[in-house]
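A.B. asks: If you're matching positions, the sequence shown starts at 1 in our numbering and goes up one per residue.
Hints are supplied without guarantee of correctness; some may be wrong.
Ranges between beta-carbon positions, derived for each pair [unchecked claim]:
| id | residue 1 | residue 2 | range |
| --- | --- | --- | --- |
| 1 | 73 | 2 | 34 to 42 Å |
| 2 | 109 | 15 | 34 to 42 Å |
| 3 | 112 | 67 | 23 to 31 Å |
| 4 | 127 | 43 | 36 to 44 Å |
| 5 | 43 | 17 | 28 to 36 Å |
| 6 | 15 | 46 | 21 to 29 Å |
| 7 | 54 | 9 | 14 to 22 Å |
| 8 | 109 | 31 | 29 to 37 Å |
| 9 | 52 | 26 | 14 to 22 Å |
| 10 | 22 | 47 | 48 to 56 Å |
| 11 | 65 | 5 | 18 to 26 Å |
Straight-line alpha carbon distances no greater than 20 Å define the calculated SDA-like cross-link-like pairs of lysine to any residue that follow [as the list claims (entries may be wrong)]:
| id | residue 1 | residue 2 |
| --- | --- | --- |
| 12 | 41 | 119 |
| 13 | 26 | 71 |
| 14 | 26 | 74 |
| 15 | 41 | 6 |
| 16 | 60 | 11 |
| 17 | 26 | 70 |
| 18 | 41 | 107 |
| 19 | 60 | 15 |
| 20 | 60 | 93 |
| 21 | 60 | 119 |
| 22 | 60 | 105 |
| 23 | 60 | 6 |
| 24 | 60 | 97 |
| 25 | 26 | 82 |
| 26 | 60 | 94 |
| 27 | 26 | 15 |
| 28 | 60 | 101 |
| 29 | 41 | 132 |
Read the hints as simulated data drawn from the structure, not as lab findings. Yeah, the Cβ is synthetic: ideal placement off N, Cα and C, and Gly gets one too.
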Amino acid sequence: MYSLNVRDHFMIAHSFAGETFGPAQKLHGATYVVDVTFRRKALDADGLVVDIGRASEVVKALLADLNYQNLDEREEFRGQNTTTEFLAHALHQRVARAIHAGELGESARELDAVCVTLNESHVAWASYEAAP
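Just need the whole structure built from these sequences, with the hints factored in.
C.D. replies: Okay, here's the thing in structure tokens:
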């Protein structure tokens, strides 16, 4: 399996509901380093997994919508604990929509999997991987 990874980051504020989260129940910030890994069994006609420039631009645009946002105030996340795991899945869905819309080129529709990893710190991260 071939893979290509692009990296970016975004900063958010949020809070969590539930005793499990202790002090994180209060509003706090997070800066995530985001890795999006595109996977395919065979390279496309140009010898690529996906165009790295296009992938970088698409990921940057998807993250820009969330950057410097209080996720507690976003309608799409209302009533949801926006944990690192949850956000990895939400970003995967956004990347998948971009792929299906052709934003990463026609050959990107042949990707076998996309993995989105949110690095919360240098010692903790969460990922979501599935077909786009």
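A.B. asks: Decide, hint by hint, whether the structure agrees.
C.D. replies: Here is how each hint holds up against the structure:
1. Take residue 73 and residue 2: their Cβ atoms lie about 40 Å apart, and the range 34 to 42 Å holds.
2. The hint said 34 to 42 Å for the Cβ distance between residue 109 and residue 15, and at roughly 38 Å that hint holds.
3. The supplied range of 23 to 31 Å is met by residue 112 and residue 67, whose beta-carbon atoms lie about 29 Å from each other.
4. Separation of residue 127 from residue 43 is about 23 Å and departs from the stated range, judged on CB atoms against 36 to 44 Å.
5. Under the hint 28 to 36 Å, the C-beta atoms of residue 43 and residue 17, about 45 Å apart, miss the expected range.
6. Here the CB-CB span from residue 15 to residue 46 is close to 45 Å, at odds with the stated 21 to 29 Å.
7. A hinted range of 14 to 22 Å holds for the C-beta pair residue 54 and residue 9, which are about 19 Å apart.
8. Restraint check, residue 109 to residue 31: a C-beta distance of roughly 32 Å satisfies the suggested window 29 to 37 Å.
9. A hinted range of 14 to 22 Å is violated for the C-beta pair residue 52 and residue 26, which are about 39 Å apart.
10. Take residue 22 and residue 47: their Cβ atoms lie about 49 Å apart, and the range 48 to 56 Å holds.
11. Between residue 65 and residue 5, the C-beta spacing of about 21 Å keeps the proposed range 18 to 26 Å intact.
12. A hinted pair counts as satisfied when its Cα atoms are at most 20 Å apart, and residue 41 with residue 119 does not qualify at roughly 26 Å.
13. Taken as a hint, the residue 26 and residue 71 pair is honoured in the structure, with Cα atoms around 13 Å apart against an allowance of 20 Å.
14. Distance hint between residue 26 and residue 74 is fulfilled; the C-alpha atoms sit about 17 Å from each other, no more than 20 Å.
15. For the suggested pair residue 41 and residue 6, the alpha carbons sit about 18 Å apart, so the restraint of at most 20 Å is met.
16. With a C-alpha separation of about 13 Å, the suggested pair residue 60 and residue 11 falls inside the 20 Å cut-off, and the hint holds.
17. Restraint check for residue 26 and residue 70: satisfied, since their Cα atoms lie roughly 12 Å apart, inside the 20 Å limit.
18. Simply put, residue 41 and residue 107 have alpha-carbon atoms about 13 Å apart, close enough for the 20 Å limit, and the pair holds.
19. For the given pair, residue 60 sits about 24 Å from residue 15 by alpha-carbon distance, which is inconsistent with the 20 Å threshold.
20. Between residue 60 and residue 93, the direct Cα distance comes to roughly 15 Å. Compliance with the 20 Å bound is thereby established for this hinted pair.
21. For the hint pairing residue 60 with residue 119, the CA-to-CA distance comes to about 16 Å; that is within 20 Å, so the pair holds.
22. The suggested pairing of residue 60 with residue 105 holds, with an alpha-carbon distance near 16 Å, which does not exceed 20 Å.
23. Proximity of residue 60 to residue 6 is assessed by CA-CA distance (about 10 Å); at most 20 Å being required, the pair is judged to hold.
24. This hinted pair checks out: residue 60 and residue 97 have alpha carbons roughly 15 Å apart, not beyond 20 Å.
25. The hinted pair formed by residue 26 and residue 82 meets the criterion: a straight-line CA distance of about 13 Å does not exceed 20 Å.
26. Proximity of residue 60 to residue 94 is assessed by CA-CA distance (about 12 Å); at most 20 Å being required, the pair is judged to hold.
27. Among the hinted pairs, residue 26 with residue 15 is consistent with the structure: their alpha-carbon atoms are about 5 Å apart, no more than 20 Å.
28. Of the pairs offered as hints, the one joining residue 60 and residue 101 holds, with about 16 Å between alpha carbons and a cut-off of 20 Å not exceeded.
29. Restraint check for residue 41 and residue 132: the C-alpha separation of about 14 Å stays at or below 20 Å, so the hint holds.
When the structure is compared with the earlier hints, violations turn up for hints 4, 5, 6, 9, 12, 19 and for no others.
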